[in-house]
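Visitor: For reference, the chains in residue letters:
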Amino acid sequence: MSELLQFLLSGVTVGAVYALVALGFTMIYNASDVVNFAQGEFVMLGGMITVFAHAAGAPLPLAALTAVVATAALGVAMNKLAIEPARGAPVVSLVIITIGASIFIRGAAQLIFGKQIHRFPAFSGEDPIRILGATILPQSLWVIGGAVVIFVGLWLFFTRTLLGRAVLATSNNRLAAQLVGINTPFVMTLSFAMSAGIGALAGVLVTPITLTAYDVGLAFALKGFAAAMLGGMGNPKGALAGGLIVGVLEAMTAGYLSSQYKDAAAFIIIFAVLFFRPQGLFGRQSTDRV
Amino acid sequence: MRNLLTTAATAALVALAVPALAEIRIGASLSATGPAAFLGDPELRTLEMLVADLNAKGGIDGEKIKLVAYDDGGDPNKARTFATRLIEDDEVVAIIGGTTTGTTMSILAVAEEAKIPFISLAGAIDIIDPVKPFTFKTPHTDRMACQKIFEDMRKRGIGRIGMISGTDGFGASMQAQCKKVAPDYGIEIVADETYDPRDADMTAQLTKIKGTAGVQAVLNPGFGQGPAIVTRNYWQLAIDLPFYQSHGVASDGFIQLAGIEAVEGVRLPGTALLVADLLAADDPQKPLVDAYKAMFESKTGTPVSTFGGYAHDAFLIMTDAITRAGSAEPAAIRDAIEATAGLAGTTGVYTFSPEDHLGLDLSAFRMLEIRGGTWTLVE
Amino acid sequence: MTLLSIEGLGICFGGIKAVHDVSFAASPGEVVSVIGPNGAGKTTLFNMISGVYRPGSGRVVLNGEDVTAMSPHLLARRGMCRTFQNLQVFQTMTVLENVIAGFHLQESGDVLSDLLNLPAARRRAKDAEAGARELLRRLGLERAAEREAGSLSYGSLKRLEIARAMALKPKVLLLDEPAAGCNAVETEEIDHLIAEIAASGVAVLLVEHDMKLVMRISSHIVVLDHGEKVAEGDPATVSRNPAVIAAYLGADDAAR
Amino acid sequence: MRLTPKSATLLILVALIALAPVFFPSGFYYRVGALVFVNALAVTGIVILTGWAGQISLGHAGFAGIGAYACALAPVHWGIHPALSVLLGAAASAVLAWLVGRPILRLKGYYLAVASLGMGILISMVLNNERALTRGPDGIGVPELGLRAVLKDAGLGLSNGQFWYFLCGIALVVGAWAALNLRDSATGRALRALHGSEVAARTVGMDVARLKLQAFVISAVYASVSGSLLALQNRFITPDVAGFLHSVEMVTMAVLGGVGSVAGGIFGAAVLTLLPQVLTVLAEYEQLVLGAVMVLVMIFLREGIVPSMLRKGRRREE
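Quick mapping for you: the protein sequence lines, in order, are chains D, F, V and R.
The numbering of the first sequence is this note's numbering, which starts it at 1 and goes up by one.
The numbering of the second sequence is this note's numbering, which starts it at 291 and goes up by one.
The numbering of the third sequence is this note's numbering, which starts it at 670 and goes up by one.
The numbering of the fourth sequence is this note's numbering, which starts it at 926 and goes up by one.
Since the hints were derived computationally from the structure, they do not count as laboratory data.
All figures in this text were calculated on a predicted structure; none of them were measured in a lab.
Note that beta-carbon positions come from the ideal geometry of N, C-alpha and C, so glycine has one too.
Incorrect hints may appear among the rest.
As the list claims (entries may be wrong) - Quick list of the computed label-pair ranges, beta carbon to beta carbon:
no.	chain 1	residue 1	chain 2	residue 2	range
1	F	405	R	1004	27 to 33 Å
2	V	684	D	165	22 to 28 Å
3	R	1076	F	405	20 to 26 Å
4	V	878	R	1200	39 to 45 Å
5	D	114	R	1237	39 to 45 Å
6	F	402	R	1072	16 to 22 Å
Claimed, not checked - Which chain F residues face chain D? A few, computed with CB under 10 Å, are given here:
no.	residue
7	325
8	422
9	423
10	484
11	490
12	494
13	501
14	530
Make a model of the complete structure from these sequences and hints.
Guide: Encoded structure:
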């Protein structure tokens, strides 16, 4: 019983990490239909900038804030320098641009930060909390809480604010959105800033648990992408559910079946879900209009 | 006018030709980036540092060393390409490198065919067993690491253990070797779990090991952040069993990453490099270890690791061989390397022979235990 | 002799009956037009007949076989083909290739002979190209053969779609607004073309807004309003039907 | 006589492969050439799948892995000659592609990308974990093909580098020839048609599901043969060949060069294979510059290098 609880806590912690990354994906996807493969690099930057700001003497909250703001600024720069000039290019070309950008950011991080692995202290102490024979780190609660807060925030943003609806409208039909007076370049800029900021926040929250280095981005991007697709790309609900499902599934497989093939379990479930729901759990079905 | 041109041309030719004659080209293909960068990066920095240092001291018999180093990113296919480039295009006389077993095996094939001496920095026993004429290596084999750990376990009366290994080459190879030699030490592996090196949390695997009946100790082969997370999870779950790491984490960086509270009592087989202060004054490795540690840490600002030490020793063996051979001919260098005897490095004291291209024995490993955030020798 | 019969076809979108209980039939050589105001469900009806949408109720019977909701590519094999209101042209391919694509069923053999360029594959490709050039000539598009289809004018694209459909040598041809966006001369050309196709024994189903065209060439007219059939008959009967005039023709004429 | 684009592409390709060695300063360049050809072969498969049929795969390295490990395992375990193992690997890849393709090709866009990604990861996971068979992440040796010795006996002595350069070159020419045949055949036209409009493709009688599956299987065979050639050439193979990064590399090469044309794919493979060799002079700045080059090329030549350049050239002519 305590074993099951432990697997569950482990799965939810990891799942919340994936969900945070997946939530970052939804913003840019909703605004531009592009899956931004540099999303993982935002997570890396969040962690790395915090590490170095903290080491330079900034208190942890200030260091974290610096990281989020700096990464958001970088997201805007990426949009202005790499995505906007290529507007109208085929989606595959845009995806390759984001891959190029991720290689570039990783290369820059390697030069600036070096190749060492880093970590900074957890926000509210390191002592594990015991629940019914299982344990969880206080930092895990921060991660889970962060995922929930970002989810609620995004959900409110998309459903309750004019700006959020403008983002969705832009994704549905850019031209129509422009015609009704939506400032689409601003929507894009905002999406990149928010997406990068969310990614960086994820990095800040998870680094005390997962540690960070210049090349951790890819693994986050992969799992986050898989989680987002499982849930249905573009939907915050899907990102949260997808992340948690993948995380819990991995932990359960590692605990009860085989740790060697725990990643396989996640992908087999993705296959199964997509077989019955080709648009993911919460994605909208698209039909050809003729 | 024409005279002037001729003179200029001749001068240019001489300028180009002279260094080519008076320098010894040594090649390196290392995983300075990619999944094995944790190993390859200190190796590359060490080589660059040592070459600069040696050249500042006048090189070998007045000939400067030119290091041609490529980053293969841990990809064996790239490593083979760079090995070909080093030999065919850069015309090096010897190669150091192959951070991982995969890249080493790729370089090895090329070096053997071209008859270029090659010193690998990777662990697997397959590299030098069976012995190949031109291939040598400096690190202990992963089998030796297992033996050293099991020896210590046997002394503590441990007979049943759980293993949790990384699925990277380092972890997987050591996992396989440990399973092979465990019976020799009367040790039974009753739980055998793995994790992906990029995983964020290993409590599920550790909980499973914890719940396995009769486990008396846990061993975690791996390198990079994986073992640090495993160690933190081990502490989080309050598992009250002796915990062993491998030489893959033998660096002060590990203690910082995993946290002093979590690493207390962790044992691992390490090299003299980690316990420089504890070495006896007359220890043959002492001067070298002290010098390397001081140089690396002042130049890079990061703590030394066993891996940088492997590169250090490879370079030491290579330059020692070139000096003794009195020639930079590949065949002569090879013969000189094979004749190396009693050469103290950071990892151990090397004595090669035609049957042994590793040149180390178990005594080079020292069983270390982390106490109060620092390394201590287990006796 | 009935070639195609539509029996009580209906579909709902989100609880709204887009098309409800529509029946009619078509014989070889006939031109059956489906007319009605915008949003009457004409294109939806076509989409159901041609297998793009799965009908909620009713049957489509082709040549005595129930082909309801059968995939379009299987319908094509049974001799049914269509064009689209919103143009579904292969934009990045040349005009000639677009029409050759219409010969797919005759041209395609096994992939291996395609990969190895075996004589059989070459012969099939050659035949298809010859057939396609002939069709382009008939439709007056031969000079554009090597151009990228995306660069053609709207009227030419309409004709290109018809050429592609004709390449299949269909028994039943569904044309969704073939004259939309065409000028008077082009409309007349299409008029002749449809008559010619019907005369060759093809059952033509037509959705069209140009009433003059419809009245001139239809042998039978089905009138839809709000998804339901409100009238049917030959052009003269339909144009005299007061319900039709009120609901559609009058309003439409007044609008012009 | 006017050359068709197909003959022109093949002629240029053959001429480049045959004449390039004249300018090689050292034997190393044969190795780089052979790598270009091996990569280009896999990328040609991507051109068929992505450029023509419009289907994205992020898992094709998995098939390269199957091809590679077939050459490592079949000769040792079943005594099959390495050359036949190439065919065995191709057959295995084709069967797997057929089985996996049927369900996943129903998916569109990114959903197909994630499903194919999962397939690739599962393959590389098996190669990593089934140590008893594959020897795990440290890799496994591959037997000698033996053809070079045969040629030597026949009086054609080639260095190892030269041998693989020409063998891979021939393989690429054959692969490009078949792909170009396919392009202008009924199947190729149908693939490009369904890329343009699936609905219209269906109405002219094209079995879209079957055609996509054919493209998937064919491209899997290309990837598999490419993996086999790599394994036989390197004489050693690790599961990295099946890894996610290799899949992404294939797609990147294709898109960078121009995914719509065989020439573009080959050019992209050449650029991305040569670039890292050139960029070694930049040492630690290599990644930075590589990323920047990718971004800039896609911004300024958004359809890929070859198609965009051709378009510009044509515009200048007019």
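Visitor: Please go over all the hints and tell whether each is borne out by the structure.
Guide: A quick look at each hint next to the structure:
Look at residue 405/F against residue 1004/R: about 31 Å separates their beta carbons, and that is inside 27 to 33 Å. About 25 Å separates the C-beta atoms of residue 684/V and residue 165/D, a value consistent with the hinted range of 22 to 28 Å. A hinted range of 20 to 26 Å holds for the C-beta pair residue 1076/R and residue 405/F, which are about 23 Å apart. Distance hint check: the CB atoms of residue 878/V and residue 1200/R are about 57 Å apart, inconsistent with the given range 39 to 45 Å.
Separation of residue 114/D from residue 1237/R is about 42 Å and conforms to the stated range, judged on CB atoms against 39 to 45 Å. Judged by the Cβ atoms, the range 16 to 22 Å given for residue 402/F and residue 1072/R holds: they are separated by roughly 21 Å. Hint on residue 325/F holds. Least Cβ distance to chain D is approximately 8 Å, under the 10 Å limit. The beta carbon of residue 422/F is not positioned within 10 Å of any beta carbon in chain D (closest approach about 31 Å), and the interface hint is therefore violated.
Interface hint status for residue 423/F: violated, as the beta-carbon distance to the closest one in chain D is roughly 35 Å, over 10 Å. Satisfaction of the interface hint for residue 484/F is found here, the shortest Cβ-Cβ separation to chain D being roughly 5 Å, below the 10 Å cut-off. For residue 490/F, the interface hint holds, since its Cβ comes within 10 Å of a Cβ in chain D; the closest pair sits about 4 Å apart. Annotation: residue 494/F was flagged as interfacial toward chain D, and the flag holds, the nearest CB pair being 4 Å apart, inside 10 Å.
Because the beta carbon of residue 501/F sits about 6 Å from the nearest beta carbon in chain D, less than 10 Å, this interface hint is met. Interface hint at residue 530/F: violated, since its Cβ lies 13 Å from the closest Cβ of chain D, which is beyond the 10 Å cut-off.
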